[in-house]
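Asks: Going line by line, the protein sequences match chains G and A.
Residue 698 is where the first sequence ends in my numbering, and the numbering goes up by one at each step.
Residue 268 is where the second sequence ends in my numbering, and the numbering goes up by one at each step.
Derived by calculation from the structure, the hints in this document are not laboratory data.
Every residue gets a Cβ at the ideal spot worked out from N, C-alpha and C, and that includes glycine.
Check each hint, because a few of them may be wrong.
With a cut-off of at most 20 Å between alpha-carbon atoms, the simulated DMTMM-like pairs for lysine to aspartate or glutamate come out as follows [as the list claims (entries may be wrong)]:
| # | chain 1 | residue 1 | chain 2 | residue 2 |
| --- | --- | --- | --- | --- |
| 1 | G | K688 | A | D173 |
| 2 | A | K193 | A | D224 |
| 3 | G | K688 | A | D104 |
| 4 | G | K605 | A | E92 |
| 5 | G | K451 | G | D470 |
| 6 | G | K308 | A | E107 |
| 7 | A | K193 | A | D89 |
| 8 | G | K688 | A | D234 |
| 9 | G | K451 | G | D485 |
| 10 | G | K547 | G | D558 |
| 11 | G | K688 | A | E199 |
Just a few of them, taken from the derived set where beta-carbon distance is under 7 Å, the chain A residues facing chain G [to be verified]:
| # | residue |
| --- | --- |
| 12 | R60 |
| 13 | A97 |
| 14 | H98 |
| 15 | F118 |
| 16 | D124 |
FRET-style restraints, in silico, Cβ to Cβ [to be verified]:
| # | chain 1 | residue 1 | chain 2 | residue 2 | range |
| --- | --- | --- | --- | --- | --- |
| 17 | G | T622 | A | A48 | 53 to 59 Å |
| 18 | G | K605 | A | D104 | 22 to 28 Å |
| 19 | G | L673 | A | S122 | 33 to 39 Å |
| 20 | A | S71 | G | V594 | 34 to 40 Å |
| 21 | G | R314 | A | G45 | 41 to 47 Å |
| 22 | G | R314 | A | E101 | 42 to 48 Å |
| 23 | G | T622 | A | Q207 | 38 to 44 Å |
| 24 | A | S122 | G | S582 | 42 to 48 Å |
| 25 | A | E101 | G | V594 | 38 to 44 Å |
| 26 | G | L673 | A | E101 | 38 to 44 Å |
| 27 | G | M598 | A | A48 | 30 to 36 Å |
| 28 | A | N46 | G | L673 | 55 to 61 Å |
| 29 | G | T622 | A | A97 | 27 to 33 Å |
| 30 | G | L673 | A | G45 | 48 to 54 Å |
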Amino acid sequence: MILIALKMLLGDRTKYVGLLFGITFTSFLVTFAASYFGGMMTRSFALIADNPGTDVWVMDPAVVAIDRPINLPTSALSRVRSVEGVRSAVPLAVAQADARFPNGHFQSFQVIGVDDATLTGVPLMKAGATADVLRASGAVIVDGGGTSGKMETPSLVSDQWPSGQPHLDVPTRPLIVGDELLIDDTRVQVAGESMALPRFPPRPLLFTTYSTAERILLPERRRLTFVLATAAPDVDARALAARIEKATHLRARSSADFKEDTVRWMIVNSEDVGDAVTMLSIAMLVGFGVTGVMMFMFTSDNLKYYAVLSAMGASTRLLLTMILAQAALCALIGTGLGLGLCAVAGRLFTMYDFPYRMMWFAPTVGGAAVVLVSVGAAAFSMRPVLKMQPASFLTGR
Amino acid sequence: METHAEPATGPTAISCHGVTKTYGVGNAAVQALRGVDLAVRTGELLMLVGPSGCGKTTLISVLAGLLHRDAGECTVLAHDYEKMDGPETTRFRKENIGFVFQSFDLIPALTAAENAAIPLLIGGAKRRPALDKTRTILKTVGFDERMMNSLPADLSGGQQQRVAIARSLVHNPKLIVCDEPTSALDSQSGRMVMELMREFARGQDRVLVVVTHDDRILEFADRIAWMEDGRIAKVENGPVRAKVPATQS
Ligand SMILES: Nc1ncnc2c1ncn2[C@@H]1O[C@H](COP(=O)(O)OP(=O)(O)OP(=O)(O)O)[C@@H](O)[C@H]1O
Ligand SMILES: [Mg+2]
């Protein structure tokens with residue numbers, strides 16, 4: 302009878318296609334939303350992920366996420382260094398600065414000042430260059446940080462640093478090594494381009510040494526944002542973090558914990574995340590609606606035949622099994638199509654550098670949502686089947 | 020009015036007294052059955068005739084356990100539906116009753132053979148043997164292989180009706196109720212179908228109740244019950260038996 306049920310389903314092409322479409326759409330949206338969300342979250346802690354060598358991040362006790370830095374007194378560095386189990390500790394400065402391009406255009410950058418001695422925190426560089434380029438005076442490494450077209454300088458030398466008014470509309474090209482920028486009227490020179498993980502929210506990045514950062518940024522009493530500590534051999538990162546917290550009264554988090562803090566903070570506080578979630582929930586509701594209505598219509602239209610089957614002795618249980626089999630087939634095929642579509646869309650998405658990361662929970666959530674919707678809609682549409690008196694459908698009225 | 024018919028052949032299979040049924044309530048209430056008395060014996064083919072709206076479909080729905088009666092007594096194959104719960108009634112129908120509905124109600128997505136095999140499949144039979152058995156029966160109503168594998172939409176009204184009839188017989192039920200089984204058939208196929216049913220009714224402990232408007236098939240009846248306005252007006256012996264009225268009104 303299950304085969305019969307599936308034939309009934311496949312026999313009604315229009316509704317079957319509609320049903321599949323609804324389910325495919327839903328599973329696609331849910332999976333895509335989850336992957337997009339995964340991508341955003343991954344990007345939100347890109348700064349942490351860009352420092353895989355760091356075991357423990359030390360920060361002001363009020364810091365809750367990587368995006369909300371509060372600076373520390375310089376003494377924090379030596380205090381961390383003196384904690385037992387710390388193999389090394391280096392400073393990291395994180396700040397915001399507007400850089401002036403040679404055509405007069407301003408662009409906001411996240412400035413990341415790394416330890417002068419070790420250059421810890423500079424990501425992999427393009428064209429096989431190394432972080433050592435930062436050792437030249439006033440050298441900076443630029444990075445799109447998930448943006449595109451934000452680091453453009455005039456193509457013609459004659460348009461650079463014009464006297465008089467800015468040349469905002471002149472033709473431009475991307476920054477290359479040797480180009481100059483002004484940060485707070487201090488000249489810096491592009492010494493390379495890095496391949497940092499894209500950020501969320503996206504923003505151009507500017508890596509430089511800690512001392513250069515101190516020089517080009519507006520003077521602040523406290524410049525140090527994080528102390529990046531590595532653990533001595535056989536010391537667990539989390540245990541070390543606890544020990545640092547106890548000894549320094551600063552906040553210390555293992556990289557993994559800090560990523561989690563950041564994600565949690567983003568989910569609660571970021572308006573972008575909220576907007577995305579709202580939009581996608583609406584889209585998902587549409588998908589649910591389409592699927593639900595289609596499933597309902599399908600069962601309703603077949604009510605007469607279920608009545609016939611019931612008259613001929615099909616038990617309620619058999620009828621329910623049939624309807625669930627129909628829902629299950631649709632859910633299975635629809636989820637498959639949806640996930641496939643999602644993989645293709647994800648490829649395109651990542652190709653254009655949008656946040657997208659299909660983590661284990663994305664297809665799981667997508668699949669679960671689809672099964673829920675299909676079964677829910679089927680169950681809902683089954684109600685008249687359960688209530689019907691077979692005769693009432695047979696007298697032709 | 021005395022409407023009890025003379026015993027026909029075997030022991031009583033259906034026995035009803037004062038069965039009533041009202042659809043709806045208040046002003047919209049329609050009294051479809053107003054006290055039906057009827058007795059049918061095993062081995063008998065009873066035809067139910069009467070004007071449109073007199074309650075024929077309603078009566079056979081009650082007999083088949085598809086519809087609850089409001090009042091009166093009714094035993095069918097020694098069972099009283101009012102004393103059985105829903106699942107019991109459903110199981111009883113599955114094992115004992117075959118249907119031909121007024122509109123044939125074939126499932127559009129299934130082939131003729133699959134449609135006719137449904138009672139066997141509901142009964143838990145395996146697909147292959149069920150279809151094989153169904154094919155034999157469809158052959159006796161004049162179907163060839165190609166027609167058996169056609170969808171209802173590709174069959175004529177008469178062919179669809181024959182599928183519905185095959186479906187009512189395929190699982191060897193004890194009671195078959197038919198609502199206008201020959202309405203869409205020409206006289207030749209109508210006769211063929213009725214001969215098949217006649218044959219079936221001759222089997223041990225079988226009962227057929229056939230609603231019809233079709234004078235041409237009255238000759239196949241053991242007895243004919245005339246219905247009028249929710250009651251059995253009279254019952255007489257059909258041409259199959261001696262043309263002697265079973266009862267005087
Ligand atoms: N589900 C229903 N709800 C309300 N009234 C109904 C319903 N079914 C039948 N009736 C009414 O009950 C009466 C008997 O109907 P029934 O279908 O039994 O007649 P019938 O003898 O089979 O007629 P026909 O020859 O046209 O098929 C009619 O007046 C009809 O309008
Ligand atoms: Mg009728």
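Asks: Hint by hint, say whether it matches the structure.
Replies: Hints, verified against the model:
1. Taken as a hint, the K688 (chain G) and D173 (chain A) pair is broken in the structure, with Cα atoms around 33 Å apart against an allowance of 20 Å.
2. For the hint pairing K193 (chain A) with D224 (chain A), the CA-to-CA distance comes to about 6 Å; that is within 20 Å, so the pair holds.
3. Restraint check for K688 (chain G) and D104 (chain A): satisfied, since their Cα atoms lie roughly 14 Å apart, inside the 20 Å limit.
4. Distance hint between K605 (chain G) and E92 (chain A) is unfulfilled; the C-alpha atoms sit about 29 Å from each other, more than 20 Å.
5. Note on K451 (chain G) and D470 (chain G): the hinted pairing holds, with a Cα-Cα distance of about 14 Å set against a maximum of 20 Å.
6. At most 20 Å may separate the alpha-carbon atoms for a hinted pair to count; K308 (chain G) and E107 (chain A) exceed this at roughly 28 Å.
7. Between the alpha carbons of K193 (chain A) and D89 (chain A) the distance comes to roughly 25 Å, so the proposed pair goes past 20 Å and is violated.
8. At roughly 38 Å between alpha-carbon atoms, K688 (chain G) and D234 (chain A) are farther apart than 20 Å, so this suggested pair is violated.
9. Pair hint K451 (chain G) plus D485 (chain G) holds up; C-alpha atoms about 18 Å apart against a cutoff of 20 Å.
10. Between K547 (chain G) and D558 (chain G) the CA atoms are separated by roughly 17 Å; this keeps the pair inside 20 Å, and the hint holds.
11. With a C-alpha separation of about 27 Å, the suggested pair K688 (chain G) and E199 (chain A) falls outside the 20 Å cut-off, and the hint is violated.
12. Taking 7 Å as the C-beta contact cut-off toward chain G, the hint placing R60 (chain A) at the interface is violated, the least distance being around 24 Å.
13. For the restraint placing A97 (chain A) at the interface with chain G, the shortest Cβ-Cβ distance is roughly 18 Å, beyond the 7 Å limit, so the hint is violated.
14. A distance limit of 7 Å between C-beta atoms decides the matter here; for H98 (chain A) the minimum to chain G is near 14 Å, and the interface restraint is violated.
15. Annotation: interface hint on F118 (chain A) holds; nearest CB of chain G at approximately 6 Å, less than 7 Å.
16. Because the smallest distance between the Cβ of D124 (chain A) and any Cβ of chain G comes to about 5 Å, under 7 Å, the interface hint for this residue holds.
17. Range check, T622 (chain G) to A48 (chain A): about 38 Å between beta-carbon atoms, so the 53 to 59 Å window is missed.
18. About 24 Å separates the C-beta atoms of K605 (chain G) and D104 (chain A), a value consistent with the hinted range of 22 to 28 Å.
19. Remark: the range hint 33 to 39 Å for L673 (chain G) to S122 (chain A) is upheld by a beta-carbon distance near 37 Å.
20. Restraint check, S71 (chain A) to V594 (chain G): a C-beta distance of roughly 38 Å satisfies the suggested window 34 to 40 Å.
21. Taking the beta carbon of each, R314 (chain G) and G45 (chain A) are about 44 Å apart, inside 41 to 47 Å as hinted.
22. Between R314 (chain G) and E101 (chain A) the Cβ separation comes to about 44 Å, which falls inside the hinted range of 42 to 48 Å.
23. Separation of T622 (chain G) from Q207 (chain A) is about 42 Å and conforms to the stated range, judged on CB atoms against 38 to 44 Å.
24. With their beta carbons about 45 Å apart, S122 (chain A) and S582 (chain G) fall inside the hinted range of 42 to 48 Å.
25. Checking the proposed 38 to 44 Å range against E101 (chain A) and V594 (chain G) shows it holds: the Cβ atoms sit about 39 Å from each other.
26. At about 41 Å, the CB distance of L673 (chain G) to E101 (chain A) agrees with the hint of 38 to 44 Å.
27. Under the hint 30 to 36 Å, the C-beta atoms of M598 (chain G) and A48 (chain A), about 32 Å apart, fit the expected range.
28. About 45 Å separates the C-beta atoms of N46 (chain A) and L673 (chain G), a value inconsistent with the hinted range of 55 to 61 Å.
29. For T622 (chain G) and A97 (chain A), the Cβ-Cβ distance of about 31 Å falls inside the hinted range of 27 to 33 Å, so the restraint holds.
30. With their beta carbons about 43 Å apart, L673 (chain G) and G45 (chain A) fall outside the hinted range of 48 to 54 Å.
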